[in-house]
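So the protein lines, in turn, are chains W and L. Sequential numbering of the first sequence, starting at 1, is according to our numbering. Sequential numbering of the second sequence, starting at 1, is according to our numbering.
What the hints contain is simulated information worked out from the structure, not anything from laboratory work. You may find that some hints are simply not true.
Stated by the list, open to error - For lysine-lysine, the following DSBU-like pairs were computed, each having C-alpha atoms within a straight-line distance of at most 30 Å: (1) K27(L) - K145(W); (2) K245(W) - K269(L); (3) K71(L) - K106(W); (4) K245(W) - K105(L); (5) K16(L) - K245(W); (6) K169(W) - K129(L); (7) K62(L) - K226(W); (8) K169(W) - K306(L); (9) K129(L) - K226(W); (10) K245(W) - K129(L); (11) K176(L) - K13(L); (12) K27(L) - K226(W); (13) K71(L) - K245(W); (14) K300(L) - K226(W); (15) K105(L) - K222(W); (16) K245(W) - K176(L); (17) K145(W) - K180(L); (18) K307(L) - K226(W); (19) K2(W) - K13(L); (20) K235(W) - K269(L); (21) K145(W) - K13(L); (22) K129(L) - K2(W); (23) K226(W) - K13(L).
Claimed, not checked - Chain W stretches covered by chain L per the calculated footprint, using a threshold of three residues with CB under 8 Å from any CB of chain L: (24) 9-18; (25) 111-123; (26) 157-168; (27) 212-219.
Claimed, not checked - Quick list of simulated restraints, FRET-style, between CB atoms: (28) N309(L) - V31(W): 44 to 50 Å; (29) K154(L) - A71(W): 19 to 25 Å; (30) S160(L) - G28(W): 34 to 40 Å; (31) P151(L) - N187(W): 50 to 56 Å; (32) E12(L) - T24(W): 41 to 47 Å; (33) T83(L) - N29(W): 37 to 43 Å; (34) R198(L) - K108(W): 42 to 48 Å; (35) G114(L) - N187(W): 44 to 50 Å; (36) T92(W) - N157(L): 37 to 43 Å; (37) P198(W) - S165(L): 49 to 55 Å; (38) G109(W) - L178(L): 31 to 37 Å.
Glycine included, C-beta positions come from ideal geometry on N, C-alpha and C.
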Amino acid sequence: MKILVLLSQVPDTTARIAFTNGDTQYDGNGVTFIMNPYDEWYALVRALELKEAKGSGTVTTITVGGSDTEATIRKGLAIGADEAVRIDAQPTDALQVAELIAAYAKDKGFDLVMAGKETIDHNGGVVGAMVAELLDMPYVPLASKLDVRGDTATVERDVPGGVEVVEVKLPLALSAAKGMAEQRIPNMRGIMAARTKPLQVVAATPVTNAGGTAKFELPPAKGAVKMILAEEAGKLIELLHSEAKVI
Amino acid sequence: MSTIVFIDTRGEKLPKAAQEAVTYASKLAGGPVTAITFGDAQGLEALGASGAKKVVVARSVKALDSQQLTKLVCDVAAAEGATTIVCVHDATGKAVAPRVAARLKAGLVAGATGMPEGNRFRRNVFSGKAFAYVEVSSAVKVVSLSPNSIPIAKTENSASVEDFSGDLGTARITVKELRKAGTGVPLAEAEIVVSAGRGMKGPEHWAPVEELAQLLGGATACSRPVADMHWRPHHEHVGQTGVAIRPNCYIAIGISGAIQHLAGVNQSKVIAVINKDPEAPFFKAADYGIVGDAFEILPKLIEAAKKLNAER
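Isolated chain W (complex conformation) (with noise of 0.2 Å):
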């Protein structure tokens, strides 16, 4: 079996959120830059446990980046992936970055494409589904739950009021959600092995230019908070509904 996990680099959950040129483009300085977690949680330890329970397959990261995205591409190489795929170009459009993928991707036999149910500094969430149509294949969005026997995928998701189970033939793609693993911490043998396994860096190829962010703006400030005393709890009821006329 052949899985491909998509792979974002993004600033850390707790960066300072700035931006540079005209608002333009996130301010990167002096922000440490991880692996979006999504991806390594969900998508990529759930693509090795089925490596593993199979006891045969490959699991390819392909990361769209400059090569500073490297130290990030070498940890998921860390926590086991068998090789990876880096598109030289900067991210600039959910649209650009899974054209990439697809071209990268096309021809390549991949059974299973994997992503994150998004990043967490665009939070857009469709890069997947994207490559999913432009490779053809069917596609599960926000997965908890995967599983494989032989050519089919057993797949669950949280669907509003309950959970639903979906039957697919492979190939699939799909993007990963809360349940589906849990984080793996690499190992000194891992880090050790990452630093010999391929990393091929493949040119970009042409892409639709259909637009993108023009501008980023920091939201207002947020007035000083309204406090109550707990012996009037109840005056936050009224307050809700008199004042802020949300109740």
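Put chain L on the given structure of chain W with help from the hints.
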């Protein structure tokens, strides 16, 4: 120039998010629009009230098979000469909108939070800590609308309903089982959310949280530790790894407000925080705050909510 809207209307009643998307599409178009849906929903004529003139239904598609649904949307878009395709930014929209965009080489605004200013659509990025203004330059654009972004239009109009007769290919996804859980207001649609955390000390103490939510007509939610300890079901977990919500009113009881929790709730219009620790970081993100013991404060809130309900 034409606008169409794709919605998921499966379930017992017309989902709020679907009515919002129809309203939005009709506001963008400046008049009634064609809506597209699937499954065996009845009463779709009612979508006329929020701005649909016609509803096209693919009755043969029951599951969220994004390949069949993408073909459906693209076929109707071609027939109508649509240049703007609106979806909902929920699981269904997240599976279909990106596929439609990729197929049509169209720019996608994933999770618009309101009407555009000119050609600029605003969306939330960095888990609600910033906004991005997206400009689409392609001839066709796809916009998925975040739930709870605009009020639903209510007119006297009714829509005509017609079955889609084209070929959508064979379903590749089969639903094997649907396990039901909970019957209350769906969390993503709730305008009022009452949420509680570890401060409740145990699952046996949740009755007043549920009672308050019910009195206010809202949904209940919880923090991550509470879901991880199985005090509450996982689908109630709001935060970065759980569900991200943006209700009008979020009441947090016994939740300290870690950055990961805030990431899932900081788009709420008004936040009220009840915590016994005056240093709890959540107070910094709150509009209203009460420092005190949840077990003493909840009965007071319930009493006030009953009084309010009796008055209106």
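We went through each hint and held it up to the structure:
A hinted pair counts as satisfied when its Cα atoms are at most 30 Å apart, and K27(L) with K145(W) does not qualify at roughly 39 Å. Distance restraint check for K245(W) and K269(L): the Cα-Cα separation of roughly 10 Å lies within the 30 Å cut-off, and the hinted pair is therefore satisfied. Using a Cα cut-off of 30 Å, the hinted pair K71(L) and K106(W) holds, with the two alpha carbons roughly 21 Å apart. At roughly 43 Å between alpha-carbon atoms, K245(W) and K105(L) are farther apart than 30 Å, so this suggested pair is violated.
For the given pair, K16(L) sits about 20 Å from K245(W) by alpha-carbon distance, which is consistent with the 30 Å threshold. Distance hint between K169(W) and K129(L) is unfulfilled; the C-alpha atoms sit about 39 Å from each other, more than 30 Å. Straight-line distance between C-alpha atoms of K62(L) and K226(W) comes to about 49 Å, which puts the hinted pair past the 30 Å bound. Of the pairs offered as hints, the one joining K169(W) and K306(L) is violated, with about 53 Å between alpha carbons and a cut-off of 30 Å exceeded.
Between K129(L) and K226(W) the alpha-carbon distance is near 22 Å, which keeps this suggested pair within the 30 Å criterion. Proposed proximity of K245(W) and K129(L) is supported: the alpha carbons are some 24 Å apart, at most 30 Å. Under the criterion of a C-alpha separation no larger than 30 Å, the hint pairing K176(L) with K13(L) is consistent with the structure, at around 23 Å. A distance of roughly 36 Å separates the Cα atoms of K27(L) and K226(W); the hinted pair therefore is violated under the 30 Å criterion.
A distance of roughly 43 Å separates the Cα atoms of K71(L) and K245(W); the hinted pair therefore is violated under the 30 Å criterion. Restraint check for K300(L) and K226(W): satisfied, since their Cα atoms lie roughly 18 Å apart, inside the 30 Å limit. Simply put, K105(L) and K222(W) have alpha-carbon atoms about 39 Å apart, too far for the 30 Å limit, and the pair is violated. About 44 Å separates the Cα atoms of K245(W) and K176(L), which puts this hinted pair outside 30 Å; it is violated.
For the hint linking K145(W) to K180(L), the alpha-carbon distance of about 16 Å falls within 30 Å, and the restraint holds. Proposed proximity of K307(L) and K226(W) is supported: the alpha carbons are some 22 Å apart, at most 30 Å. For the given pair, K2(W) sits about 42 Å from K13(L) by alpha-carbon distance, which is inconsistent with the 30 Å threshold. Between K235(W) and K269(L) the alpha-carbon distance is near 19 Å, which keeps this suggested pair within the 30 Å criterion.
Distance restraint check for K145(W) and K13(L): the Cα-Cα separation of roughly 28 Å lies within the 30 Å cut-off, and the hinted pair is therefore satisfied. A C-alpha spacing of about 37 Å is found between K129(L) and K2(W), which places the hinted pair above 30 Å, so the restraint is violated. For the given pair, K226(W) sits about 38 Å from K13(L) by alpha-carbon distance, which is inconsistent with the 30 Å threshold. For the region 9-18 of chain W, the stated coverage by chain L is satisfied: 4 residues place a CB nearer than 8 Å to a CB of that chain, which reaches the threshold of 3.
Chain L is given as covering the region 111-123 of chain W, and this holds because 4 residues of the stretch bring a CB closer than 8 Å to a CB of that chain, at least three being needed. Counting residues of the region 157-168 of chain W whose beta carbon lies closer than 8 Å to any beta carbon of chain L gives 12, which meets the minimum of three for the stated coverage. Requiring three or more residues with a Cβ within less than 8 Å of a Cβ of chain L, the coverage given for the region 212-219 of chain W holds, as 8 such residues are present. The supplied range of 44 to 50 Å is met by N309(L) and V31(W), whose beta-carbon atoms lie about 48 Å from each other.
Checked against the given bound of 19 to 25 Å, the beta carbons of K154(L) and A71(W), roughly 54 Å apart, lie outside it. For S160(L) and G28(W), the hinted distance range of 34 to 40 Å is not satisfied, since their beta carbons lie about 52 Å from each other. For P151(L) and N187(W), the hinted distance range of 50 to 56 Å is satisfied, since their beta carbons lie about 54 Å from each other. The hint said 41 to 47 Å for the Cβ distance between E12(L) and T24(W), and at roughly 46 Å that hint holds.
In this structure the hint that T83(L) and N29(W) lie 37 to 43 Å apart at CB holds, the actual value being about 40 Å. Separated by about 46 Å at the C-beta atoms, R198(L) and K108(W) satisfy the suggested range of 42 to 48 Å. As the Cβ distance of G114(L) to N187(W) is approximately 48 Å, the hint placing it in 44 to 50 Å holds. Hint check: T92(W) to N157(L), Cβ distance near 42 Å, so the stated range 37 to 43 Å holds.
The hint said 49 to 55 Å for the Cβ distance between P198(W) and S165(L), and at roughly 51 Å that hint holds. Against the hinted window of 31 to 37 Å, the Cβ-Cβ separation of G109(W) and L178(L) comes to about 33 Å, which satisfies the hint.
Of the numbered hints stated above, those contradicted by the structure are hints 1, 4, 6, 7, 8, 12, 13, 15, 16, 19, 22, 23, 29, 30, listed in ascending order.
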